[in-house]
Amino acid sequence: MTATASKKKLTRTCQDTFTTARVVTSLEKAWTAIRDAHPELPQAVLIVGPGTLGKHPVWGHFGALKWQHGTDRLPEILIAGEGLNRPAPEILTTLLHEGAHALADVREIKDTSRQGRWHNKKFGALADELGLDTAKDESIGWSLTKARPDTLDTYKTTLRGLEKALTAWRHPELRASSTRTTSNNGSTCLCGCPRRIRVSTTVLDLGPIICSVCDEYFTPDQDGASS
Numbered sequence: 001m002t003a004t005a006s007k008k009k010l011t012r013t014c015q016d017t018f019t020t021a022r023v024v025t026s027l028e029k030a031w032t033a034i035r036d037a038h039p040e041l042p043q044a045v046l047i048v049g050p051g052t053l054g055k056h057p058v059w060g061h062f063g064a065l066k067w068q069h070g071t072d073r074l075p076e077i078l079i080a081g082e083g084l085n086r087p088a089p090e091i092l093t094t095l096l097h098e099g100a101h102a103l104a105d106v107r108e109i110k111d112t113s114r115q116g117r118w119h120n121k122k123f124g125a126l127a128d129e130l131g132l133d134t135a136k137d138e139s140i141g142w143s144l145t146k147a148r149p150d151t152l153d154t155y156k157t158t159l160r161g162l163e164k165a166l167t168a169w170r171h172p173e174l175r176a177s178s179t180r181t182t183s184n185n186g187s188t189c190l191c192g193c194p195r196r197i198r199v200s201t202t203v204l205d206l207g208p209i210i211c212s213v214c215d216e217y218f219t220p221d222q223d224g225a226s227s
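In my numbering, the protein residues as written are 1 to 227.
Think of the hints as simulated: they come from the structure by calculation, not from any bench. Some clues are possibly wrong.
Using C-beta positions, here's what the derived DEER-type ranges look like [stated by the list, open to error]:
#1 S139 x H69: 35 to 41 Å
#2 P172 x D205: 29 to 35 Å
#3 C193 x D36: 34 to 40 Å
#4 G116 x T202: 27 to 33 Å
#5 E90 x K66: 20 to 26 Å
#6 L74 x R148: 25 to 31 Å
#7 Q68 x V24: 16 to 22 Å
#8 C214 x A64: 34 to 40 Å
Here are the simulated DSSO-like cross-link-like pairs (lysine-lysine), alpha carbons at most 27 Å apart as the crow flies [what the hints assert, rightly or not]:
#9 K156 x K29
#10 K156 x K55
#11 K136 x K55
#12 K146 x K136
#13 K164 x K146
#14 K29 x K55
#15 K121 x K110
#16 K66 x K55
Beta carbons: idealized from backbone N, C-alpha and C, even for Gly.
Given the sequences, and given the hints that come with them, work out the whole structure.
Listed below in structure tokens is the structure:
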């Protein structure tokens with residue numbers, strides 16, 4: 001290819017040829033490598049899709065029994081296209097994070113609550129088993145994960161394959177900014193049970209409110225408080 005050709009201006013009708021096949025294949029190979037290290041993990045359908053359509057952007061998602069293959073039901077692991085511009089170790093971390101959810105499903109362990117947003121201590125233990133360090137976030141629990149150095153060393157061949165395949169990513173959805181009017185009725189908050197309470201903003205700002213049943217904080221319900 002000449003220098004002139006390589007610098008052609010890309011437009012809506014003039015684009016370089018690209019398919020997601022290579023990306024998906026590299027993700028499938030990475031999942032296979034993870035399953036080789038942790039045989040209890042299930043086979044899964046790997047897909048690339050949007051991660052910014054909902055209120056809460058995600059890097060990935062695990063869904064149990066989403067696909068039918070013959071007489072078998074298979075889980076799904078979605079990797080958000082918006083996150084494919086991250087370094088390969090971060091993509092691997094996302095796969096391992098979703099692997100922790102898959103392991104919870106296999107063992108019938110409830111590792112999340114609040115529509116899957118709050119990650120409890122059981123998730124943290126499973127993530128640790130797969131080679132991730134976890135940190136607690138006050139809004140989403142032990143969801144913050146990072147692959148340990150020895151974990152990255154275990155998957156160094158996998159990381160090289162991901163690095164070669166990650167050549168494109170999806171642009172995030174554009175959202176119109178909106179200002180929410182403060183309700184005089186206060187905020188609806190959920191714990192890990194989940195139980196629901198309503199408290200005034202003033203009371204909530206005084207400090208954490210802890211559920212004595214699940215020992216987790218009550219935090220504002222971001223999916224929409226009751227009117």
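Results of checking the hints against the structure:
1. S139 x H69: 35 to 41 Å: This hint holds: roughly 36 Å between Cβ atoms.
2. P172 x D205: 29 to 35 Å: holds, 31 Å
3. C193 x D36: 34 to 40 Å: At roughly 37 Å between Cβ atoms, D36 and C193 fall inside 34 to 40 Å, so the hint holds.
4. G116 x T202: 27 to 33 Å: holds, 30 Å
5. E90 x K66: 20 to 26 Å: Distance hint for E90, K66 holds at roughly 24 Å.
6. L74 x R148: 25 to 31 Å: At roughly 29 Å between Cβ atoms, R148 and L74 fall inside 25 to 31 Å, so the hint holds.
7. Q68 x V24: 16 to 22 Å: holds, 19 Å
8. C214 x A64: 34 to 40 Å: violated, 23 Å
9. K156 x K29: Answer holds: K156 to K29 is near 13 Å, not above 27 Å.
10. K156 x K55: violated, 34 Å
11. K136 x K55: Satisfied, since the Cα-Cα distance of roughly 21 Å is no more than 27 Å.
12. K146 x K136: Holds: K146 and K136 sit about 12 Å apart, inside 27 Å.
13. K164 x K146: holds, 21 Å
14. K29 x K55: Between K29 and K55 the Cα gap is close to 31 Å, so the pair fails against 27 Å, i.e. violated.
15. K121 x K110: Roughly 10 Å separates the two Cα atoms, so the pair holds.
16. K66 x K55: holds, 22 Å
The structure does not agree with the numbered hints 8, 10, 14 stated previously, though it agrees with the rest.
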